[in-house]
Amino acid sequence: SQKIEQNSEALNIQEGKTATLTCNYTNYSPAYLQWYRQDPGRGPVFLLLIRENEKEKRKERLKVTFDTTLKQSLFHITASQPADSATYLCALGEGTYKYIFGTGTRLKVLA
Amino acid sequence: GAGVSQSPSNKVTEKGKDVELRCDPISGHTALYWYRQSLGQGLEFLIYFQGNSAPDKSGLPSDRFSAERTGGSVSTLTIQRTQQEDSAVYLCASSLQTGGLGEKLFFGSGTQLSVL
Numbered sequence: 061s062q063k064i065e066q067n068s069e070a071l072n073i074q075e076g077k078t079a080t081l082t083c084n085y086t087n088y089s090p091a092y093l094q095w096y097r098q099d100p101g102r103g104p105v106f107l108l109l110i111r112e113n114e115k116e117k118r119k120e121r122l123k124v125t126f127d128t129t130l131k132q133s134l135f136h137i138t139a140s141q142p143a144d145s146a147t148y149l150c151a152l153g154e155g156t157y158k159y160i161f162g163t164g165t166r167l168k169v170l171a
Numbered sequence: 034g035a036g037v038s039q040s041p042s043n044k045v046t047e048k049g050k051d052v053e054l055r056c057d058p059i060s061g062h063t064a065l066y067w068y069r070q071s072l073g074q075g076l077e078f079l080i081y082f083q084g085n086s087a088p089d090k091s092g093l094p095s096d097r098f099s100a101e102r103t104g105g106s107v108s109t110l111t112i113q114r115t116q117q118e119d120s121a122v123y124l125c126a127s128s129l130q131t132g133g134l135g136e137k138l139f140f141g142s143g144t145q146l147s148v149l
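Protein sequences appear in the order of chains A and B. Here the first sequence is numbered in the numbering used here, starting from 61 and rising by one per residue. Here the second sequence is numbered in the numbering used here, starting from 34 and rising by one per residue.
Keep in mind that a hint or two might mislead.
[Stated by the list, open to error] Keeping only pairs whose Cα atoms sit at most 30 angstroms apart, straight-line, the calculated DSSO-like set for lysine-lysine is:
id: 1; chain 1: B; residue 1: K137; chain 2: A; residue 2: K158
id: 2; chain 1: B; residue 1: K137; chain 2: A; residue 2: K123
id: 3; chain 1: A; residue 1: K131; chain 2: B; residue 2: K137
id: 4; chain 1: B; residue 1: K137; chain 2: A; residue 2: K115
id: 5; chain 1: A; residue 1: K168; chain 2: A; residue 2: K77
id: 6; chain 1: A; residue 1: K77; chain 2: B; residue 2: K137
id: 7; chain 1: B; residue 1: K137; chain 2: A; residue 2: K63
id: 8; chain 1: A; residue 1: K119; chain 2: B; residue 2: K44
id: 9; chain 1: B; residue 1: K90; chain 2: A; residue 2: K117
id: 10; chain 1: B; residue 1: K137; chain 2: A; residue 2: K119
No lab work stands behind these hints, which were simulated from the structure alone.
For reference, chain A alone in the conformation it holds in the complex (with noise of 0.2 angstroms):
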């Protein structure tokens, strides 16, 4: 069955830098991709898709990359900011209807 990697320590991050987190997965490669973000106590809630034939998303100062060959996607967040503090899942579709996600990666940006 797919299985999904993501850095499961923190990454800290200064504020302005750029955010670069890791999204891996071990079989097939998915229709498509999606990252969400999710703040404490609270559900996750969706940023980005992107799917098998395309390489980059872009959306404000986000940017998303989906290469098949690694078998990996990279979630990008320029110009960082201390609001940018959250946990970030990538899910995969598996099927018409299944997501699969990952463990999340915890990002604080600091001030």
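Got chain A sorted already, so can you dock chain B onto it with the hints?
What follows is chain B alone, placed relative to chain A:
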């Protein structure tokens, strides 16, 4: 409301008791999901509804867990004879429809279940 609503937000129960968790999805969303999130763990898929039907119950951990959805809207997740290992955050999510690959999920804030 505009978002997915879950109740209660917190539930403390004694081992062996039954609990019911409720989810009100976004109006018009035909797909509904239940996930479980344990401390430090990813989201664990429990069950998926399309309308009132549950074509995929494969994630339910045991026969103590059941879920139903009525009127294509509200869903209830029931855990019978709760065990301490059932302690987790139970998240509900809905999406507009399935079949469209990659449709985003809208999550509720979850129910924090603590079994003493």
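- Restraint check for K77 (chain A) with K137 (chain B), where alpha carbons must lie at most 30 angstroms apart: Measuring from Cα to Cα gives roughly 28 angstroms; hence the hint holds.
- Query: Would the pair K137 (chain B) and K119 (chain A) pass a check requiring their Cα atoms to be no farther apart than 30 angstroms?
  - Reply: holds, 15 angstroms
- Query: Within a Cα-Cα threshold of 30 angstroms, do K119 (chain A) and K44 (chain B) meet the stated pairing?
  - Reply: violated, 38 angstroms
- Does K137 (chain B) pair with K158 (chain A) here, judged by a C-alpha cut-off of 30 angstroms? Given that 30 angstroms is the threshold and the Cα spacing comes to 11 angstroms, the pair holds.
- Task: With a cut-off of 30 angstroms on the C-alpha distance, tell me whether K137 (chain B) and K63 (chain A) pass.
- Result: It holds: about 20 angstroms lies between the C-alpha atoms, which stays within 30 angstroms.
- If you draw a straight line from the CA of K137 (chain B) to the CA of K115 (chain A), is it 30 angstroms or shorter? Cα-Cα ~19 angstroms, so holds.
- Within 30 angstroms, alpha carbon to alpha carbon, are K168 (chain A) and K77 (chain A)? With Cα atoms ~12 angstroms apart, K168 (chain A) and K77 (chain A) stay inside 30 angstroms; holds.
- Are K137 (chain B) and K123 (chain A) close enough, with their CA atoms no more than 30 angstroms apart? holds, 17 angstroms
- Message: Check the hint pairing K131 (chain A) with K137 (chain B) against an upper bound of 30 angstroms on the C-alpha distance.
- Response: holds, 21 angstroms
- Quick one, are K90 (chain B) and K117 (chain A) close enough, alpha carbons at most 30 angstroms? Answer violated: K90 (chain B) to K117 (chain A) is near 33 angstroms, above 30 angstroms.
Against the hints set out earlier in the document, violations occur for numbers 8, 9.
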